[in-house]
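> In order, the protein sequence lines correspond to chains W and Y.
So the first sequence is residues 1 to 211, counted in the numbering used here.
So the second sequence is residues 212 to 802, counted in the numbering used here.
Hints are computed from structural coordinates only; laboratory data are not their basis.
Because the structure is a prediction, the values reported are computed rather than measured.
There's no promise every hint is true.
[Unchecked claim] Residues from chain W that face chain Y, not an exhaustive set, calculated with beta carbons under 10 Å:
#1 R18
#2 G23
#3 W51
Note that CB positions come from ideal geometry on N, CA and C, so glycine has one too.
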Amino acid sequence: MSSYSVSAERPDYQTLNRRAKTGLRFLLAAITSLFFLFILALMIRAQFNDWESLSAPWNPLANPAPLWVNTLMLALGSASMQWARVAARKHHRELALQVMLLAGFFTLAFLVGQVWLWRQLSALGFYASANPANGFFYMLTGVHAVHMLGGLIGWSKTLLSAKRYANEKFSTAVELCAIYWHYLLGIWLVLFALLVCEPETFAAIASFCGF
Amino acid sequence: MAYAEDAELEELHEPHSFWTKYIWSQDHKVIAIQYSLTAIFVGLIALVLSGLMRMQIGFPGSLETVDPTAYYQYMTMHGMIMVIYLLTALFLGGFGNYLIPLMVGARDMVFPFVNMLSYWAYLLSVIILLASFFVPGGATGAGWTLYPPQAITPGTPGTDWGIVLMLVSLAVFIVAATMGGLNYVTTVLQARTHGMTLFRMPLSVWGIFVATILALLAFPALFVSAVMMLFDKLLGTSFFMPEMMSLGQQLDHKGGSPILFQHLFWFFGHPEVYIVALPAFGLVSDLISTHSRKNIFGYRMMVWAIVAIGGLSFIVWAHHMYVSGMNPYFGFFFATTTLIIAVPTALKVYNWLLTLWRGDIHMTVPMLFSLAFIMTFLVGGLTGLFLGNVIVDIPLSDTYFVVAHFHMVMGVAPILVVFGAIYHWYPKITGRMMNDTIGKWHFWITFIGTYLIYFPMHYLGIQGMPRRYFSYEEIEFIPQSAHDLNTFITVTAIFVGVAQLLFVFNMFHSLFYGREAGPNPWRATSLEWQTPQTPPVHGNWPQKLPVVYRWAYDYSVPGMEEDYTPQTVPDDPAHESIQHDEAGNPDGAPA
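Take the sequences, apply the hints, and build the full model.
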């Protein structure tokens with residue numbers, strides 16, 4: 001059979017890093033396609049005259065403070081991930097682990113904040129079915145949250161396996177988490193901007209894009 | 212350090228228990244077989260469903276169980292299973308998994324655990340889909356395109372549970388396809404062995420690689436439409452659902468856009484045609500070259516044609532929607548792009564023919580299927596030119612002409628490649644040859660049979676026979692000759708369907724009683740035929756990965772002793788004995 005002894009030389013983690021990053025890039029491309037199409041659907045649906053933005057003056061998100069708070073949590077999560085990335089690169093493993101935990105805490109706070117917001121909205125009668133804008137709000141924030149949860153699986157795997165990982169492998173894992181977090185923060189900022197837009201803004205964007 | 216040098220240092224964890232070896236396996240070859248067997252199983256179910264439908268059309272009322280509800284459920288499940296759960300899964304999950312690492316000289320896929328998850332998610336999606344037959348109301352009968360509003364409006368079969376399970380199953384399938392797809396593209400880009408440049412890869416790998424990129428970018432459109440429709444169905448939103456009356460009742464929905472769904476669906480749906488076709492193009496190129504003992508004609512042209520078709524496939528989707536009432540300029544644009552995509556496609560057909568030209572053609576079973584593919588794809592492609600033009604499409608839309616077209620180009624043509632490819636690579640997978648006589652019977656029945664089934668449908672379509680109808684008996688403008696033809700088609704379809712058991716029998720019988728194949732029975736050049744063991748063992752290669760010195764198509768090279776020169780043979784024979792220097796690095800491997 002194919003079993004063979006292995007050279008004492010260690011594999012090069014540059015290769016591992018390159019492979020993992022290539023995989024992540026394609027994953028982010030697929031996620032981009034997903035959110036791009038969701039946003040396109042939103043832009044088209046928002047052209048119909050029954051669209052009533054949740055940020056209209058008489059609607060609950062006229063004051064988007066809760067969304068800003070949630071955004072701050074995610075931004076802090078992303079910043080913490082970057083800090084952990086730098087620490088891991090310098091082989092400060094303890095510090096990197098602590099900051100990773102902090103990043104997870106901020107991300108969980110973001111998710112809890114989103115759930116709290118959904119509950120508030122539905123308690124006020126702003127159900128998904130009440131208006132297409134509400135439906136898109138629940139759907140897009142939900143899909144984004146699912147992607148954050150996916151990120152948390154990678155995050156927890158990195159934390160749980162940290163003891164077994166060599167420095168270079170740990171550094172790669174943290175780096176992948178950081179890139180993913182930054183990317184999802186970017187997507188969230190786009191979604192945030194769109195979800196509190198007035199219909200006129202959608203009309204202007206649509207007209208600019210020629211549809 | 213390059214992948215190959217690194218892989219030669221990594222420890223190989225060979226699984227030993229039955230569970231880790233054959234069930235929870237992370238070996239790409241086992242996963243490929245799992246994918247393939249599941250896809251073939253579910254494909255046979257879809258084949259039976261088509262037989263039941265044909266019984267209703269050819270012999271109306273002959274089967275009591277086939278009422279209008281069952282008919283539409285069978286039609287929907289047949290279409291969805293064939294396109295997604297059989298063809299996509301088989302080409303990417305089956306052939307992609309088996310061939311990519313072997314053909315590029317890798318130990319395995321780069322993310323084996325994710326690859327394993329991909330199969331189990333696929334299996335879950337199949338189970339969810341098949342479960343919909345057994346839930347209250349049965350499977351959805353919305354048609355494979357699942358157009359709203361009828362897909363979730365009472366009156367359509369399966370609007371209680373069936374449609375929900377279908378949409379959930381599709382979402383799970385897309386997750387599976389994404390996990391697999393990330394492996395395929397990353398393995399191709401990052402795990403090629405010494406000397407395996409992109410332009411030395413066999414066209415099979417190119418076809419699967421580009422199709423995977425299409426899948427990664429196009430499947431999200433199906434995911435988006437599935438999630439939005441689930442919201443409409445379960446939470447009462449109106450993304451796609453307009454204000455309407457149904458069965459005398461005013462529905463709660465208002466303002467949604469069914470056309471939005473169509474755009475999203477076909478933004479996935481048309482690339483999907485090429486997600487199936489591009490791997491078929493690649494595989495058949497390798498089959499034609501090997502069995503005609505000729506180098507592939509215009510290799511680089513073939514690669515760029517695959518890339519061009521992949522790119523263009525994203526801007527032709529609305530040719531499926533000409534009857535939706537679109538702006539004429541919009542229709543003009545999509546008709547033009549549809550005609551443009553025919554150029555690289557025709558180029559590939561010419562190159563296959565030029566590969567065959569004056570070749571030493573061996574009429575093996577894989578070659579027979581390859582030749583049949585070229586003809587069938589040509590026929591299906593030419594009727595595609597008819598339907599791509601707005602003015603011709605509108606009268607033919609929703610007739611049997613369309614059924615004939617897409618079955619020829621997207622059903623029969625890729626399936627012929629699937630068969631040819633299985634007959635071709637079976638010896639490497641199992642170590643044994645499939646029975647040649649049974650294979651030839653299978654080929655001739657399938658080839659002639661499918662033409663007898665689908666050729667007459669063009670005539671029925673031009674006569675105006677509409678598709679998707681449960682019964683044609685009461686329609687006055689359909690002449691008796693059309694009914695007779697339908698009876699003929701049904702008899703042939705049942706015969707051809709049953710004849711596929713020859714293939715299933717051959718596959719399992721040859722596993723135990725087939726002739727020993729040896730490592731390279733077709734005397735092929737590509738890497739998978741150069742493995743030290745057949746079937747290849749875990750890790751594929753010994754500690755040193757193979758070194759590649761040439762492309763995969765050196766057949767009948769003048770001056771060479773043999774009529775094939777494997778990719779591992781150096782130009783300068785002196786290199787043969789010193790493939791690695793003292794440090795274990797390849798010596799003389801070209802960049």
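> Hint by hint, which ones does this structure get wrong, listed from lowest number up?
Those not satisfied: there are none.
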